[in-house]
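Novice: Both chains come to you apart, so use the hints to assemble them.
Listed below are the residues making up each chain.
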Amino acid sequence: RKEVEQDPGPFNVPEGATVAFNCTYSNSASQSFFWYRQDCRKEPKLLMSVYSSGNEDGRFTAQLNRASQYISLLIRDSKLSDSATYLCVVNSPGTASKLTFGTGTRLQVTL
Amino acid sequence: DTGVSQNPRHKITKRGQNVTFRCDPISEHNRLYWYRQTLGQGPEFLTYFQNEAQLEKSRLLSDRFSAERPKGSFSTLEIQRTEQGDSAMYLCASSSRDTPYEQYFGPGTRLTVT
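Heads up: the sequence lines are chains B and L, in that order. Following our numbering, the numbering of the first sequence begins with 1 at its first residue and continues without gaps. Following our numbering, the numbering of the second sequence begins with 1001 at its first residue and continues without gaps.
Quick caveat, the hints were computed from the structure, so don't treat them as lab data. There's no promise every hint is true.
FRET-style restraints, in silico, Cβ to Cβ [as the list claims (entries may be wrong)]: (1) B/Glu15 - L/Lys1014: 43 to 49 Å; (2) L/Gln1041 - B/Thr95: 41 to 47 Å; (3) L/Phe1074 - B/Pro14: 41 to 47 Å.
Only part of the chain L face toward chain B is listed, based on derived beta-carbon distances under 7 Å [claimed, not checked]: (4) Gln1041; (5) Gly1042; (6) Glu1052; (7) Ala1053; (8) Leu1055; (9) Phe1065; (10) Ala1088; (11) Phe1105; (12) Pro1107.
No farther apart than 20 Å at their CA atoms in a straight line, the calculated lysine-lysine pairs in the PhoX-like style are these [as the list claims (entries may be wrong)]: (13) B/Lys42 - L/Lys1011; (14) B/Lys79 - B/Lys42; (15) L/Lys1011 - B/Lys98.
Backbone N, C-alpha and C define an ideal beta-carbon position, used for all residues, glycine too.
So here's chain L without its partners, still in its complex pose (with noise of 0.2 Å):
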């Protein structure tokens, strides 16, 4: 599969642990993205990296939230004592330098916050 793949694809915590899901890009896209996405609503930026650079990060992403591309494949997102209002679908998406906007989504990491 070629595709951006994202683990775990479900995740329960309770209120205050700390988790991390991980995203891997499609091979030849130095771009990536995270988005998260609530019911009803469509999905929101979060951050984008180019190459293992973080270049842009939104004011969505509190410091509890932590994201990294250390060698420029895969990208992990930390939240750090979570709250219920972190309950959401993270979602991670690619592309490439030539059609930057041209995003491919992975499937999501649902985190549900107790």
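Bound conformation, chain B alone (with noise of 0.2 Å):
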């Protein structure tokens, strides 16, 4: 079982629409869990961390479900510019500050 799962999508999603996504962890030692956006052909770029009792950033918002050691990201009205890859990223328990990333999910926003 990979250590972060992910749907790799793509998700097409018109302009306005919600979208979420969601992801599974398998160490349920780990304690500090992310979303980092990646665009194509550029570096990932730290979107939000995820606390456990939920938080919010304009139109993101993430989760945590510990019990089902699951994580998620809302993206509410959908813009041209949120297309690119969303990395779920969790601490390894155990290690200094080492990070292992999902392998992504590809959203595609339209007209």
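Specialist: Rendered as structure tokens:
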């Protein structure tokens, strides 16, 4: 089983739609969770951290369910500029600061 | 520009040759990471430095790979006797002591081994 699993997509949605991505992780001892965004042929960039209570940043909402080892990202009112690959990222317990990345979910927002 | 920089941006080499990549992290960051990314995959951790000390190495890092960060600032990643399977994007990232998981990535070096 992969340490971090994501649906690779692509998700094709019209502008203005709401879209949700899911991710599961295998190590129950993981404590830190993130979503990174990666544009085509660019480097990954931190989008947001994911907290146990859930957190929101503008149109983006992240949720964590520790019992199910499940992380989600909700994007409301999708923009063309949201088109990218969204990487689910989890820390590797027992390591100083190693991150484990999922394969990413590709989002394409269309007119 | 105060972000992470990497050189070269692209490298084409013949199988069997040695290559070296350089990473300059954000100046106030004491942690530096190397990752490898292939098409359709997320970045895979290779190694990590805290200041000049190399504290972790992935099993992915065979003995043909070596990384250094001699003065705790820039880092180099060398691949000896390159193989076609080494073709990938090599990403460098850095982070501060206070927020080690908030890693800032450089633009990467794309290696093609022919």
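Novice: It remains to establish, for every hint, whether it holds in the given structure.
Specialist: Hint check results:
no.	hint	result
1	B/Glu15 - L/Lys1014: 43 to 49 Å	46 Å, holds
2	L/Gln1041 - B/Thr95: 41 to 47 Å	20 Å, violated
3	L/Phe1074 - B/Pro14: 41 to 47 Å	45 Å, holds
4	Gln1041	5 Å, holds
5	Gly1042	3 Å, holds
6	Glu1052	15 Å, violated
7	Ala1053	10 Å, violated
8	Leu1055	6 Å, holds
9	Phe1065	16 Å, violated
10	Ala1088	13 Å, violated
11	Phe1105	4 Å, holds
12	Pro1107	5 Å, holds
13	B/Lys42 - L/Lys1011	16 Å, holds
14	B/Lys79 - B/Lys42	19 Å, holds
15	L/Lys1011 - B/Lys98	26 Å, violated
The earlier numbered hints that this structure contradicts are 2, 6, 7, 9, 10 and 15.
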